[in-house]
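Respectively, the protein sequence lines represent chains E and S.
Under numbering that gives the first Met the number 0, the first residue of the first sequence is numbered 0, with each subsequent residue one higher.
Under numbering that gives the first Met the number 0, the first residue of the second sequence is numbered 0, with each subsequent residue one higher.
Please note: incorrect hints may appear among the correct ones.
What the simulated footprint calls covered on chain S by chain E, stretch by stretch (three residues with Cβ under 8 Å from a Cβ of chain E suffice, anywhere in the stretch; the number is not a length) [as the list claims (entries may be wrong)]: (1) 29–39; (2) 184–191.
Derived DSS-like pairs: lysine-lysine, alpha-carbon spacing no greater than 30 Å straight-line [said to hold, decoys possible]: (3) 130(S) to 144(S); (4) 86(E) to 130(S); (5) 130(S) to 96(E); (6) 144(S) to 238(E); (7) 84(E) to 130(S); (8) 103(E) to 130(S); (9) 116(S) to 144(E); (10) 16(S) to 103(E); (11) 144(S) to 155(E); (12) 96(E) to 116(S); (13) 47(S) to 96(E); (14) 47(S) to 144(E); (15) 22(E) to 130(S); (16) 47(S) to 158(S); (17) 155(E) to 130(S); (18) 86(E) to 144(S); (19) 260(E) to 238(E); (20) 79(E) to 130(S); (21) 84(E) to 116(S); (22) 144(S) to 79(E); (23) 155(E) to 158(S); (24) 144(S) to 47(S); (25) 84(E) to 144(S).
I should point out that these hints are in silico values taken from the structure, not numbers from a laboratory.
The beta-carbon is built from N, C-alpha and C at its ideal position, and this holds for glycine as well.
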Amino acid sequence: MKPPEGDTVNGASTDRPFIHFDKVVKRYGDLTVLDHLDIDIAAGEKVTLIGPSGSGKTTILRLLMTLETLTEGYIWVDGKPLWHKHKGTQLVPADEKYLREMRKQIGMVFQHFNLFPNMTVLQNVIEAPIRSLGQSRDQAVAQAKELLKHVGLSAKEDAHPTQLSGGQQQRVAIARALAMSPRVLLLDEVTSALDPELVAGVLAVLRELAETTDITMLCVTHEMGFARDVSDRVMMFDKGQIVEVGPPRQIFENPEHDRTKTFLSAVLAH
Amino acid sequence: MIWDNQFALDILPRLLKAFLQYTLVITVLATLLAAALGLVMAVIRYSKVPVLSQITSGFLQFIRATPIPVQLFFVYYVLPDMGVLVGAVTTGVLVLGVHYASYFAEVYRGGIESIPKGQWEASTALSLPMKTVWQRVVLPQAFRKILPSLGNYVISMFKEVPFLLFISVPELVAQAKDIGGSSYRYIEPFTICGLIYLLASYPASVAMRKLETRLETT
């Protein structure tokens with residue numbers, strides 16, 4: 000069940016990576032979005048993906064959430080192939096049932112929230128734990144109330160998403176993702192669609208989450224301050240490949256590559 | 000020919016009975032059939048179930064390209080030759096139900112396609128079982144959007160129930176025709192017939208329009 004030997008970086012026998020991309024390729028027709036990408040992420044690590052749009056960072060999250068199909072390569076999560084099943088000694092493309100099991104450990108928060116508009120805030124949060132994890136209603140409601148309190152929306156339990164501000168909707172979406180107790184949380188430009196004054200509230204929730212839980216977080220963001228504060232590592236992408244990886248201090252204060260420098264100066268000048 | 004109040008009053012109960020017992024009941028039953036069958040066909044087509052999807056789509060084409068009277072005659076007169084005997088009212092419900100199921104399926108499809116991709120993606124991200132995604136996320140949202148169009152189709156089906164007089168279902172218009180034939184008075188039965196239809200379908204279409212604006216604004 001372990002990833003093949005020799006794929007720890009430089010053969011250094013550290014812990015097995017929790018998430019491992021093995022020569023991952025993603026193409027749309029002739030367009031190559033990810034080109035033989037290798038990534039290792041440790042359990043509990045908070046990683047921020049930065050880079051110009053079209054650099055493939057969102058695709059990485061979408062592949063992990065199984066929203067896009069893999070063209071080539073393998074993705075391993077906790078020692079298991081995400082997109083493949085073992086068949087004898089071979090790995091074959093997995094069926095929907097296997098994918099659904101694998102997905103349960105991964106949660107995602109979207110740029111446009113994607114709350115269910117036909118349900119109240121509370122229903123949005125309890126739906127998946129009941130239907131997908133088989134929790135009892137009481138159990139799911141108790142947990143949801145706790146989570147909603149945590150994101151500061153206890154008063155909005157019975158509201159419908161359309162009655163909330165963007166920032167509130169996004170905090171509900173975070174609570175909804177957390178209700179599945181994921182081991183990995185994917186954050187896809189979660190503040191990009193928000194009015195500037197609403198960004199801080201969402202980031203505060205995420206900061207706390209990053210500091211107080213051991214959830215592995217992968218975060219695509221343009222909020223460099225947030226990236227600097229919460230990330231263990233920052234990955235700079237361009238044209239489907241990693242340009243530079245390092246702790247935030249190094250990437251933001253001492254970038255090695257020109258591509259990183261120009262990108263950061265463009266973003267920070269903003 | 001002059002309007003005879005007494006005659007009109009005399010035949011009113013018979014016409015009303017035919018309306019309630021046949022026209023309305025057939026409309027309701029055919030609507031239920033259309034709603035259920037249309038949904039099944041729409042989901043099959045949307046999920047691109049292999050083979051079934053192509054069969055459904057061919058069947059829909061066929062149903063929509065042939066007139067209702069032809070379908071009625073076929074089921075009522077031709078099928079018995081093949082050993083399938085169907086009563087007149089059942090034939091009416093089946094033919095209208097299946098015919099309108101083909102329209103309903105199109106409307107459902109439009110409704111399903113109008114659900115933003117993000118709703119499906121959020122459902123995937125939450126590992127919701129497919130059944131839950133349809134039942135709790137997609138269809139409730141789609142229904143709100145398509146209710147007005149479905150309503151309009153029901154009203155037009157209601158007005159096509161008189162086709163059933165071709166296969167001797169004693170619905171409202173068939174009764175009016177009968178009364179006319181036996182009394183040689185046509186003005187009262189057909190005027191009452193028209194009025195009953197007007198009184199039933201006008202409020203229904205007004206209610207539909209109201210519903211439409213209400214759903215648009217919420």
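- Hint consistency between residue 47(S) and residue 96(E) [alpha-carbon to alpha-carbon, up to 30 Å]: Given that 30 Å is the threshold and the Cα spacing comes to 18 Å, the pair holds.
- Query: Taking 30 Å as the top limit, are the C-alpha atoms of residue 84(E) and residue 144(S) close enough?
  - Reply: Distance of about 40 Å is beyond 30 Å: violated.
- Does the alpha-carbon distance linking residue 116(S) and residue 144(E) stay inside the 30 Å limit? 28 Å, holds
- Under the criterion that the straight-line Cα-Cα distance not exceed 30 Å, is the pair residue 22(E), residue 130(S) satisfied? 35 Å, violated
- Are the Cα positions of residue 84(E) and residue 116(S) separated by 30 Å at most? 27 Å, holds
- Query: residue 79(E) and residue 130(S): Cα distance at most 30 Å?
  - Reply: 27 Å, holds
- Given hint residue 238(E) paired with residue 144(S) - CA-CA distance at most 30 Å: 41 Å, violated
- Within a Cα-Cα threshold of 30 Å, do residue 155(E) and residue 130(S) meet the stated pairing? 28 Å, holds
- Would you check the hint for residue 103(E) and residue 130(S), treating anything up to 30 Å between C-alpha atoms as holding? Holds - the C-alpha atoms of residue 130(S) and residue 103(E) are around 17 Å apart, at most 30 Å.
- Item | Proposed proximity, residue 47(S) with residue 144(S) (alpha carbon, max 30 Å) | 22 Å, holds
- Within 8 Å of chain E's CB atoms, at least three CB atoms from the region 29–39 of chain S: coverage verdict: violated (count 0)
- Do the alpha carbons of residue 16(S) and residue 103(E) lie within 30 Å of each other, as the hint requires? Violated, because 58 Å separates the two Cα atoms, which is more than 30 Å.
The earlier numbered hints that this structure contradicts are 1, 2, 6, 10, 14, 15, 16, 18, 22, 23 and 25.
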